[in-house]
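Protein chains in written order, with this note's numbering: chain W, 8 to 332; chain S, 167 to 287.
No lab work stands behind these hints, which were simulated from the structure alone. Among the hints, a few may not be true.
Unchecked claim - Computed spacing ranges between beta-carbons, pair by pair:
(1) E239/S - A183/W: 52 to 62 angstroms
(2) G174/S - R129/W: 13 to 23 angstroms
(3) A219/S - A81/W: 53 to 63 angstroms
(4) R276/S - Q245/W: 53 to 63 angstroms
(5) V126/W - D171/S: 16 to 26 angstroms
Stated by the list, open to error - Per the computed footprint, the stretches of chain S lying under chain W, defined by three or more beta-carbons under 8 angstroms from a beta-carbon of chain W, are:
(6) 201-212
(7) 279-287
To be verified - Reference excerpt, derived from the structure (chain S facing chain W, CB under 8 angstroms, subset only):
(8) R252
(9) L253
(10) A268
(11) A269
By construction, the Cβ of each residue, glycine as well, lies at the ideal position given by its N, Cα and C atoms.
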Amino acid sequence: MIATLGAALETAGALTLAAALASAVTALGLRGLGRLSAAPAVRADLALALAALPAALALALAVAVSAPGLLDLAGVAPDHCHAHGGHGHLCIAHPAEGTLPLQIIGALGLLSLVGRATVHLRDRIHAARDLQALMRLGRPDAEGPDVLCLDGSVVLCHAAGVLRPRVLISTRLRAALGPELLQAALAHERAHLIRHDVLTRDLIALFGLFAWPGLGTQAAATWEAAAEEAADAAVAAQGRGLALAGALVAVARLSLPKAPSALSLDGARLSRRVGALLNGTAWHAPARGLRLLPAGALALLGLTAALTEPLHHAVETATHLLLGD
Amino acid sequence: MDPLDPLGPLETRVMEALWRAGTATAREVFTQLDEAWAYTTVMTTLDRLHKKALLTREKEGLAWRYQPALPREVLERAQVDALASRLLGERREMGLAALVEAADEETLDRLAALIAARRRG
């Protein structure tokens, strides 16, 4: 029993190391993404792919590492234990003498994942409850069935909800924007709905659980900046770029007294967005990331299934070289 | 017990009954709700809403007579502001995509001037 637990922890340790390695690639990729000259929609898709990398690699290797042992336990195929030589052994069916450092890494990795997942789930439940309550307080708006108007003094013009996405707008903001700017602001939020940005943001937060602490937030911020510009570009493509620029400035002015501290107050991001809208350089492209994600996941799963044995041995060899037996 | 936290289904029904009636005892609210909930459940809910400061009450014989502490519109507006601030603040990453960007006044004036110039053509 203890030997099996040790083997399971070793497997978790190998996956923690793999996720850490993928996190390093993600961190470097996110840095490079800032300098990439591409349509915002493409940058957003790349940020999504980079955010998914640690989770995808960890899950793929989890399959590859545990498959031989689990198949042996299920009586489907004998494990490869007899084929071992010269490197460590990761096998739940026949746990060998464990590698303590790898087991410690595995235990810490699992603890971190469970802790962060618990906090994430708790926050997600609270946020969903708050959002549901907020939507219940809204009333249908003349601007369309996908718009809910909320009687409040808060500056609110947001795309919200995954199953029944809506644009939420507060009466204060509605009154402050004239008809032209209001239409542009709503078009921007509708572009988020068409891009499924609310769902994508949730997925990125979920992927962040497998990455280094803080990297998920960094990936989300990079994706968000690109997704905002992509929604701007979609509005500019409708010929409403100037009106949207006006709406962005009007909304930022209304937010001045209690501007959220998480965003930069120097206005660099706002200046860049308004500049792109005025100069006609807002570069519209369709969002493909969310559609490509399941295909990517399936391809990875297929590749993992086809290469289970070499991947399994590669992980064993790598952990052996890193930490010894 | 935050008065601006979302109300549960029965709390909402009880508040609606009291906004309609103006004032009522637990028995009167129970009757208004078509007796769909147990009388004791209605009493407990009224007591909880009183503790949340959403209802005031006065003794009337052996019973309490309840009254909404705020008009419906005022409470709902405060709830919208509280919920939206919470979602945009600590739970900003959850379920909302933002239009709002922060900037200082000087930047906003400069950008507004640029937009006005472009409008003039």
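### Query
Against chain W, is A268/S within 8 angstroms by beta-carbon distance?
Cβ of A268/S sits 4 angstroms from chain W, so the hint holds.
### Task
Can you let me know if the beta-carbon spacing of E239/S and A183/W is within 52 to 62 angstroms?
Check failed, 20 angstroms falls outside 52 to 62 angstroms.
### Query
Are three or more residues of the stretch 279-287 of chain S within 8 angstroms, CB to CB, of chain W?
n = 4 at 8 angstroms, threshold three: holds.
#### Entry: chain W covers the stretch 201-212 of chain S, three or more CB atoms within 8 angstroms, holds or violated
violated (count 0)
#### Entry: Status of the hint placing A269/S at chain W (closest C-beta pair under 8 angstroms)
holds, 3 angstroms
#### Entry: Consistency of beta-carbon spacing, A81/W to A219/S, with hint 53 to 63 angstroms
Check passed, 60 angstroms falls within 53 to 63 angstroms.
### Message
Given a hint of 13 to 23 angstroms, does the C-beta separation of G174/S and R129/W actually sit inside it?
### Response
Holds, at about 19 angstroms.
### Query
Are L253/S and chain W close enough, Cβ to Cβ, to be under 8 angstroms, as the hint says?
Given a least distance of 6 angstroms, the restraint on L253/S holds.
#### Entry: CB-CB spacing for D171/S and V126/W relative to the 16 to 26 angstroms hint
Distance hint for V126/W, D171/S holds at roughly 20 angstroms.
### Query
With a cut-off of 8 angstroms, does the beta carbon of R252/S approach a beta carbon of chain W closely enough for the hint to hold?
holds, 6 angstroms
#### Entry: Beta-carbon spacing of R276/S to Q245/W - inside the hinted bounds 53 to 63 angstroms or not
violated, 26 angstroms
In terms of the numbered hints stated before, the structure departs from hints 1, 4 and 6, listed from lowest to highest.
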